[in-house]
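**Student:** Turn these sequences into a full structure, and let the hints guide you.
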Amino acid sequence: MERNKERGMPGCIGSLDCCHWEWHKCPTGMAGAYQSRRDKRGIVVKAVCNKDLWVWHLFVGAPGSLNDINVMHQSPLYLNFTGGRWPPRKKTYTINGRTRSLPSYLVDGIYPRFSFFDLSTPQAVHRGAEELQSPPFFFRRPSERTSRDSLAS
Amino acid sequence: MKRFLVALHPGRDWSVWQLMTAYKARCIMKNMCVESRRSTFLSRRQHAAGGDDGTSCGVGGEAGGASDFGDGQNGGEHAGGAASAGGPEPGGAAADGAGGVAAAMGKIDAAGNAPPALHPAPHPVAAVMAANFDAWAETQNPVECERRHDELTADMFHDRGELLALYIG
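Protein sequences appear in the order of chains A and B. With this note's numbering applied, the first sequence covers 1 to 153. With this note's numbering applied, the second sequence covers 1 to 169.
Just so you know, the hints here were simulated from the structure itself, not pulled from any lab data. There may be inaccurate statements among the hints.
[Said to hold, decoys possible] The following residues of chain A were derived to be distant from chain B, with all beta-carbon distances above 10 angstroms:
#: 1; residue: GLN35
#: 2; residue: ARG37
#: 3; residue: ILE69
#: 4; residue: VAL71
#: 5; residue: SER75
#: 6; residue: THR92
#: 7; residue: SER115
[As the list claims (entries may be wrong)] Each pair of labels, with its calculated beta carbon distance range:
#: 8; chain 1: A; residue 1: LYS91; chain 2: B; residue 2: ASN132; range: 14 to 24 angstroms
#: 9; chain 1: B; residue 1: ASP159; chain 2: A; residue 2: GLN35; range: 42 to 52 angstroms
#: 10; chain 1: A; residue 1: ASN67; chain 2: B; residue 2: THR153; range: 26 to 36 angstroms
#: 11; chain 1: A; residue 1: GLY32; chain 2: B; residue 2: ALA154; range: 39 to 49 angstroms
#: 12; chain 1: A; residue 1: GLY109; chain 2: B; residue 2: GLU151; range: 36 to 46 angstroms
#: 13; chain 1: B; residue 1: GLU162; chain 2: A; residue 2: ARG37; range: 40 to 50 angstroms
#: 14; chain 1: A; residue 1: ASN70; chain 2: B; residue 2: PRO10; range: 18 to 28 angstroms
#: 15; chain 1: B; residue 1: GLY161; chain 2: A; residue 2: ILE69; range: 32 to 42 angstroms
#: 16; chain 1: B; residue 1: SER36; chain 2: A; residue 2: GLY32; range: 37 to 47 angstroms
#: 17; chain 1: B; residue 1: GLU35; chain 2: A; residue 2: GLY32; range: 35 to 45 angstroms
#: 18; chain 1: B; residue 1: VAL143; chain 2: A; residue 2: THR92; range: 17 to 27 angstroms
#: 19; chain 1: A; residue 1: LYS91; chain 2: B; residue 2: MET32; range: 24 to 34 angstroms
#: 20; chain 1: B; residue 1: ASP159; chain 2: A; residue 2: ARG85; range: 28 to 38 angstroms
[Stated by the list, open to error] Output of the computed footprint for chain B on chain A, the stretches with three or more beta carbons under 8 angstroms from beta carbons of chain B:
#: 21; segment: 47-54
#: 22; segment: 58-65
Since the model is a prediction, treat every value here as computed from it, not as a measurement. Positions of the beta carbon are idealized from the N, C-alpha and C atoms, including for glycine.
**Tutor:** Right under this line is the structure:
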C-alpha cells in the first residue's frame, strides 16, 4: 500500500483480472460448460498481482463459459470480502482528506461498482494479464547465440 | 504465466483438478522468479533517487508488510486458542523434562487436560451475523465506489505535479 500510495493510488492493494486458458483435452461431455471464447474450450484464471507482478491471489478452474463477474462471485476472495473476513482494517489511508480503512483492488470497467473496486485506470490492470500471457522477449525471437554454452547461460 | 512452456500451449491434462494443480505450481514458480529478480529492477522514481532504496523488498519490504497485514487474524486466533485452552506452554514442558513425562502429566489438571481449542470462534454467532451484514452492505455500495473514484481523481489531480515530475522531466 505504501508503494501504491507513492504512485498516486492510496489504498490499492493489487490489480485483479481474469484470463482464459485453453483446455485441449476437454472431455466432450464437459464441452458445453467449458466452452470459452473463439470456439475453444478452456478454464478461467483469476489473479491478483501487485506492481512487481507478484501473484497474491489465484483462483483457477472456473468453466470458460463464465465471464469475469461470474468468476468473481464464486471466488473465495469475493466471499471473504463480503463476509468481512478480509482484509483486516489495521491500516488506514487518506484520499483527498478523507480517511478510509477499506482497501481496494484495481479492476477494469466490466466489474460492478463495489466499494472495494477501483475502476480508475484499466490499462494498469491489463499489464499483469499481458505479462502472464506473453513469454519473455528473448523466447519470442530466434536465438542469435553461436554456441550451446552461451545459450545455456 | 505463459513464460513457462506448458502455458504457451493449451492444457493437456484430463481433469480440471490437474489443470488447477499445474497452474498453481506455475504460479509458485513465477513468484519465485519475480522474487529472485526483483532487486534488479529499478523504477523511474528509484532510479532518480539514485539507488536501490528498498527495491529488494520481496523479502524485506512489501512481503514483510503483507505478512503482518494478512496474518493478523490467524495469529490472533491461534494465540487466543492457546490462551483459552489453559494448557502448559510447550517451552515449559520441555524445560522440566528431567521429571519425565509421568511427572509432567501429573501436574496437569482437568482443565489443562482438555483438548486445545485450535480455532475458537472469535465472536458469538449473532455478532458474526451482524458483522457479515455490515460487511456486505459496506463492500457492495456503489455510491461509495463513485465517491471514492471522484476523490481519487481529485487527489491525483492535486498531486499531478509530483506524480508526473519523473515522466515529463
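**Student:** Could you run down the list of hints and mark each one as holding or not?
**Tutor:** For each hint, the structure was consulted:
Here GLN35 of chain A stays apart from chain B, with its beta-carbon at least about 14 angstroms from theirs, past the 10 angstroms limit. The Cβ of ARG37 of chain A lies farther than 10 angstroms from every Cβ of chain B, with a closest approach of about 13 angstroms, so its non-interface assignment holds. At roughly 13 angstroms, the least C-beta separation between ILE69 of chain A and chain B is larger than 10 angstroms, which holds for a residue marked as non-interface. Taking the minimum C-beta to C-beta distance to chain B, about 14 angstroms, the non-interface status of VAL71 of chain A holds against the 10 angstroms cut.
With a least beta-carbon separation of about 13 angstroms from chain B, SER75 of chain A lies farther than 10 angstroms from that chain, consistent with its non-interface assignment. With a cut of 10 angstroms on Cβ distances, THR92 of chain A stays outside the contact zone with chain B, its closest approach being about 12 angstroms. Distance check on SER115 of chain A: its Cβ comes as close as 4 angstroms (rounded) to a Cβ of chain B, failing to clear the 10 angstroms threshold; non-interface status is violated. The hinted window of 14 to 24 angstroms between LYS91 of chain A and ASN132 of chain B holds, with their beta carbons roughly 22 angstroms apart.
Checked against the hint of 42 to 52 angstroms, the C-beta distance between ASP159 of chain B and GLN35 of chain A comes to roughly 46 angstroms, which is consistent with it. Taking the beta carbon of each, ASN67 of chain A and THR153 of chain B are about 27 angstroms apart, inside 26 to 36 angstroms as hinted. At about 48 angstroms, the beta-carbon gap between GLY32 of chain A and ALA154 of chain B stays in the expected band of 39 to 49 angstroms. Between GLY109 of chain A and GLU151 of chain B the CB atoms are about 19 angstroms apart, so this pair departs from the stated range of 36 to 46 angstroms.
In this structure, GLU162 of chain B and ARG37 of chain A meet the distance hint of 40 to 50 angstroms, their C-beta atoms being roughly 41 angstroms apart. Between ASN70 of chain A and PRO10 of chain B, the C-beta spacing of about 22 angstroms keeps the proposed range 18 to 28 angstroms intact. GLY161 of chain B and ILE69 of chain A have their C-beta atoms about 37 angstroms apart, which keeps the hinted 32 to 42 angstroms range intact. For SER36 of chain B paired with GLY32 of chain A, a C-beta distance near 42 angstroms keeps the hint of 37 to 47 angstroms intact.
A C-beta distance of roughly 40 angstroms is found between GLU35 of chain B and GLY32 of chain A, which places it inside the suggested range of 35 to 45 angstroms. For VAL143 of chain B and THR92 of chain A, the hinted distance range of 17 to 27 angstroms is satisfied, since their beta carbons lie about 20 angstroms from each other. Here the CB-CB span from LYS91 of chain A to MET32 of chain B is close to 27 angstroms, well matched to the stated 24 to 34 angstroms. Checked against the hint of 28 to 38 angstroms, the C-beta distance between ASP159 of chain B and ARG85 of chain A comes to roughly 33 angstroms, which is consistent with it.
A stretch counts as covered by a chain when three or more of its residues have a beta carbon under 8 angstroms from one of that chain; for the segment 47-54 of chain A and chain B the count is 5, and the coverage holds. For the segment 58-65 of chain A, the assignment as covered by chain B holds, since 3 residues bring a beta-carbon within under 8 angstroms of that chain's beta-carbons and 3 suffice.
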